[in-house]
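Protein chains in written order, with this note's numbering: chain A, 67 to 429; chain B, 4 to 372; chain C, 8 to 334.
Since the hints were derived computationally from the structure, they do not count as laboratory data. Where hints are given, some of them may not hold.
[As the list claims (entries may be wrong)] The calculated BS3-like cross-link candidates involving lysine-lysine, where the alpha carbons are at most 30 Å apart (straight line), are: (1) Lys-337/A with Lys-398/A; (2) Lys-424/A with Lys-414/A; (3) Lys-94/C with Lys-84/C; (4) Lys-134/A with Lys-119/A; (5) Lys-215/B with Lys-94/C; (6) Lys-189/B with Lys-77/A; (7) Lys-117/B with Lys-180/A; (8) Lys-77/A with Lys-330/C; (9) Lys-330/C with Lys-276/A; (10) Lys-330/C with Lys-195/A; (11) Lys-77/A with Lys-276/A; (12) Lys-330/C with Lys-189/B; (13) Lys-330/C with Lys-119/A; (14) Lys-119/A with Lys-315/B; (15) Lys-283/C with Lys-315/B; (16) Lys-134/A with Lys-330/C; (17) Lys-414/A with Lys-337/A; (18) Lys-329/A with Lys-424/A; (19) Lys-166/A with Lys-330/C; (20) Lys-166/A with Lys-117/B; (21) Lys-134/A with Lys-180/A; (22) Lys-119/A with Lys-77/A; (23) Lys-329/A with Lys-276/A; (24) Lys-424/A with Lys-398/A.
[Claimed, not checked] Here are some chain A residues the structure puts well away from chain C; computed CB gaps all over 10 Å: (25) Ser-148; (26) Lys-242; (27) Pro-331; (28) Val-394.
Every residue gets a Cβ at the ideal spot worked out from N, C-alpha and C, and that includes glycine.
This is what each chain is made of:
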Amino acid sequence: MEVVLRNLTKKFGQVVAVDHINLEIRSGEFVAFLGPSGCGKTTTLLMVAGIYKPTEGEILFDGRLMNKVPPQQRNVGMVFQSYALYPHMTAFQNMAFPLKLAGMSQMMQAERVKRVADMMGIGHLLDRKPGELSGGQQQRVALGRALVKEPDLLLFDEPLSNLDARLRLVMRGEIKRLQHELGITSIYVTHDQVEAMTMADRIAVINEGKLQAFDTPDDLYDRPKTLFIAGFVGNPPMNFFTVSIRRENGDYFAESEGGLRVKVPSERAEKALAGGLEQVIMGIRPEDIQMDESGTSENKGPVFSVEPLGRDDLIDVHIGPDSVFLLVDPLKRVRLDDIVHLEFDTAKVQFFDPETGKSLLWT
Amino acid sequence: MDEEVVRAPWYHPGRWLPYLFLVITLLPVFVGYSWLIIASFSRETRGLTPIGGFTLRNWAFLWEDIGTGVDLWALSRQSFIDAAHVTFLLISLAALINLLLSGTESRFGIALAKLTKSLQNVRAAFTVAVLAFVIAVVSKLSVMDLGIWSTLLNTFLIALYMTVTVVLISSMAGYALSRMNFPGRKPFLSLTLVLHGFPAVTLLIPIFYVLKFLGSIPVLGDAVGFNTLGGVALVMVSFQLPLGVWLMKGFFDSIPWDVERSALVDGATYFQTWQQILMPMLRPGLMALGIFSFISGWGAFLIPTTFTIGTKTANLPVYLNSLISDTAPVNWNTIAAIGLFQMVPVLFFFFFAQEYLLSIFAGGSKGAS
Amino acid sequence: MATIQKAQEAVAIPAEVAREPKPRKLTWTPYAFMLPSAILVILFFFIPALILFYISMTNQSSANFSNPDFIGLQNFKTILNDRFVGKIFQNTVFYVVMTLTFFNVGLALIISLVTTHIERRAGIFFRTIWMLPRLTPSVVYIMMWKRIAAGPPFGILNQFLAPFGFEGVNWLSAQGNPWLFVILSNGFIGASFGMIIFTSAIESIPKELMRAALVDGASILQRIRYVILPELRWPLLFVVTYQSLSLLTSFELIWLLTDGGPGLYRTEVWALTAYKRALANYFGNAQWGYASAWAVFLVIIGVILAVVYMRYFRFNELVEEPKIEVL
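Next up, chain A with everything else stripped away, as it sits in the complex (with noise of 0.2 Å):
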């Protein structure tokens, strides 16, 4: 089912909580809405649910306005953070509910249920209630009762931030297939942007209620159109310098006024020069940036912090005023104070209108 957001807004009292959001969601399309929390991504869905009543705009299932639509007949199935089972009813019970409620024979119940259960794999825990469960079979239950009905339409609310790390990587990959499978059109919020970048086919990355981009995961994190989008994405985030740049015999070069200098690609560099602007921000990736062992590269500074990651480290390398921060080899054993020289691989790198934040090169 397409799912189309035109306008949407949300305010509770003065608070606006979802402003002007226009997003068309393809049948079958798993979108992810990524934000920090409070960023409305959530009340955004439980509009979609028919949870909340928007304030303006439209919300419209395959060119169906659904704004009056009670949730009981929108025929969408969700899963929530806290999983939201009936402590009083077992598994299948849980399960069998919204078919119960559509009024469908109790044997067609019993058999839906433990096809969609198997499916699952928690065909053997139907007859235990929520509290005898661990939190992934929890977990499994609420995606059943979600799935069970058949929905045109299916709703994650953070469904994996309860769960262990371990654990969440294992049900990042079960939905992701299921929603492959099934086909199911999916809209799945989180803060968390692995999860979105690895799930969705597209994302749509909210800010204080607005929707800043709707993009695949490969454009967003290679060719972010603004700073915001650049920053929050990836993680390590992005390093930023304001630059100018300059053309030295055919190359051109980004120099910032705390003495950091690497050679940019030209046809990045001209792009960037076109707007005419005295300076530009440069973004950088920390996975960019090297240490040169050799000891030749002019880009220099000391090592102001060392985080280990495990299995990297994460250093903060000051040049003059400029923070870089690049990870390293623990077995390089940088500490403190060592001076440090940097390389840069410029291939990826981002320029930014410091006014707008807009990109440069991606429009």
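Dock chains B and C against chain A, hints included.
Using the frame of chain A, we list chains B and C on its own:
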């Protein structure tokens, strides 16, 4: 302050003085109940001292009045026949309606057909039969004079009626006030709170007029008018309502929103959400309010004595008080026995359902700070 | 922003298709849930209040039940000129103030301090026992007090005092001390209300605060004075307002214990007078109009205090918006 702190040795006054204080202040309670128990099993008491040894004679009220010609066997046989008639009639009526409505298109017709169909399965029919039997027995008993047992039945009916109604009505209103947004919500919420503080007993005089008026309505008046059990119970339900609504609203507030959202998305109407999801989840709260209402209904004196006349509609406290304030010489030992007898359900709940009762008192004053 | 713009273009579906006209239904669901309560509140609170004010201005009594005269404020004048109104007023104030001070607040506070100081389970045990008087049916409860106060040879208090050479007396008679027992019997029920509220307030005081005070070397009394009491300001105010109102209008126990006696109005309080004149007159002359005028005073005080108490306590927590909107 349940901490592993270094405590003073046992002989230090700080250790035993608090206990001594608590025991001494509670002395009247201990003494009062001791007297009640001792007196109800003694021939005579002087202070707390039994005179003339122990006896069960004081409990004769339980059986003595029963001998007034009631044939329990005949009564239950007749009730059984009545119940069978009613059940048979209801089921055949249901079958008839169902037959007439088969293939109907109207929504009302379908709903009715569903209802009548459900009546035809064995369990439903059995339930109807049992209910009819109980109603038949009760209605027969209530017109007979069975001494203390009629009074007991009255007491029980008032308490039960109160329990069911308070729990049902409060939880309906509590649900709407807690979970729904509608014009009039705020005024009703503040009204509930004001009524919660308002001393309803000051309205007993005009309520007398209201009951007289209700009593003048045909049919309904026989159930809830002045000098009926229904009327008494209705007044007590109303007086309990502000507390009940307030408590239930608090209980509903404590249910996570996601559960209810989930039910709505699953296709439940508001009524179904209330009935099938929220009410079962609130079972402990409903138990608490129910037990509390039962105890208040069971021990109620002021309202029953005000709005009933004579012994036919009297409940146990009214009966007991009439014995105490009789001008005739009082046998305090019989009275003690009746009093202790009346304490039985109270003590039962007190010992086995404390946590529920405490949650009422704590909840009823929630947010006081 | 190409994608967004594209989305906007795609969204431009013809208005006729998108806007299916749907009549706006009046949502009656919440009102259906409210209906039973609303009916009972109207029937047994609102209408009675109106009736009360009306009949307080008539001379309705059992002598002229069907055709009373409207006599304006005559009843109120009669009350103010009543020979005993001063006595009854004094009694009421005395009863409320004494019970409130010594039991509903004083003893309640001490019990909660003591039971939270001793071992936790013992504290819970004693607090539970304190709930018993509140749960006991009032008639049975008063019966016990009557036996405790009774004159020789039955009275229990007399039996306890006999070894000290005390000559027995009926404590509820004019020679005894009826007020003592009126206040005791009410106080033993009233204390548990404050006890529960104070206890939960004391238990919610952060443990760190108590530890800090301990480390600073504060004695028990200092801890009570400087740590606990300041935290109990609001609960105290709440108990005082709430309980003074319920004491002011309660009369059931006094009615059962002394019936306002002994003698003329020795322990009669305002609410009891109002009640007895209308509904418990053994001589068959129920003065509904006149009694209602007595009750009007209480209703007015009751409404004022209840509104004040709603304004000051917990109204804000009440009005949190529901998080589901009826479509």
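Here's how the hints hold up against the structure:
Only pairs whose Cα atoms come within 30 Å are accepted, and Lys-337/A paired with Lys-398/A is rejected, the gap being roughly 38 Å. Between Lys-424/A and Lys-414/A the CA atoms are separated by roughly 17 Å; this keeps the pair inside 30 Å, and the hint holds. Taking the CA atoms of Lys-94/C and Lys-84/C, the gap is about 17 Å. The hint holds against a cut of 30 Å. At roughly 8 Å between alpha-carbon atoms, Lys-134/A and Lys-119/A fall within 30 Å of each other, so this suggested pair holds.
Taking the CA atoms of Lys-215/B and Lys-94/C, the gap is about 34 Å. The hint is violated against a cut of 30 Å. Only pairs whose Cα atoms come within 30 Å are accepted, and Lys-189/B paired with Lys-77/A is accepted, the gap being roughly 20 Å. At most 30 Å may separate the alpha-carbon atoms for a hinted pair to count; Lys-117/B and Lys-180/A meet this at roughly 27 Å. Restraint check: the Cα-Cα separation between Lys-77/A and Lys-330/C comes to about 13 Å, which is no more than 30 Å; the hinted pair holds.
This hinted pair checks out: Lys-330/C and Lys-276/A have alpha carbons roughly 21 Å apart, not beyond 30 Å. A C-alpha spacing of about 27 Å is found between Lys-330/C and Lys-195/A, which places the hinted pair at or below 30 Å, so the restraint holds. A C-alpha spacing of about 13 Å is found between Lys-77/A and Lys-276/A, which places the hinted pair at or below 30 Å, so the restraint holds. Restraint check for Lys-330/C and Lys-189/B: satisfied, since their Cα atoms lie roughly 15 Å apart, inside the 30 Å limit.
Under the criterion of a C-alpha separation no larger than 30 Å, the hint pairing Lys-330/C with Lys-119/A is consistent with the structure, at around 11 Å. As the CA atoms of Lys-119/A and Lys-315/B are separated by approximately 56 Å, the hinted pair breaks the 30 Å bound. With a C-alpha separation of about 23 Å, the suggested pair Lys-283/C and Lys-315/B falls inside the 30 Å cut-off, and the hint holds. Restraint check: the Cα-Cα separation between Lys-134/A and Lys-330/C comes to about 17 Å, which is no more than 30 Å; the hinted pair holds.
With a CA separation close to 14 Å, the supplied pair Lys-414/A and Lys-337/A stays within the 30 Å bound. A threshold of 30 Å between alpha carbons decides the hint, and for Lys-329/A with Lys-424/A the separation of about 22 Å falls inside it, so the pair holds. Our distance criterion of 30 Å between C-alpha atoms is met by Lys-166/A and Lys-330/C, whose separation comes to about 26 Å. Between Lys-166/A and Lys-117/B, the direct Cα distance comes to roughly 15 Å. Compliance with the 30 Å bound is thereby established for this hinted pair.
A distance of roughly 34 Å separates the Cα atoms of Lys-134/A and Lys-180/A; the hinted pair therefore is violated under the 30 Å criterion. With a CA separation close to 10 Å, the supplied pair Lys-119/A and Lys-77/A stays within the 30 Å bound. Among the hinted pairs, Lys-329/A with Lys-276/A is inconsistent with the structure: their alpha-carbon atoms are about 36 Å apart, more than 30 Å. Restraint check: the Cα-Cα separation between Lys-424/A and Lys-398/A comes to about 38 Å, which exceeds 30 Å; the hinted pair is violated.
For Ser-148/A, the requirement that its beta carbon stay farther than 10 Å from each beta carbon of chain C is met, with the minimum near 13 Å. With a least CB separation of 22 Å from chain C, Lys-242/A remains clear of the 10 Å interface cut-off, as annotated. The claim that Pro-331/A lies off the interface holds: its Cβ sits roughly 23 Å from the closest Cβ of chain C, which is beyond the 10 Å cut-off. For Val-394/A, the requirement that its beta carbon stay farther than 10 Å from each beta carbon of chain C is met, with the minimum near 36 Å.
Figure legend: structure checked against the earlier numbered hints; hints not met, in rising order: 1, 5, 14, 21, 23, 24.
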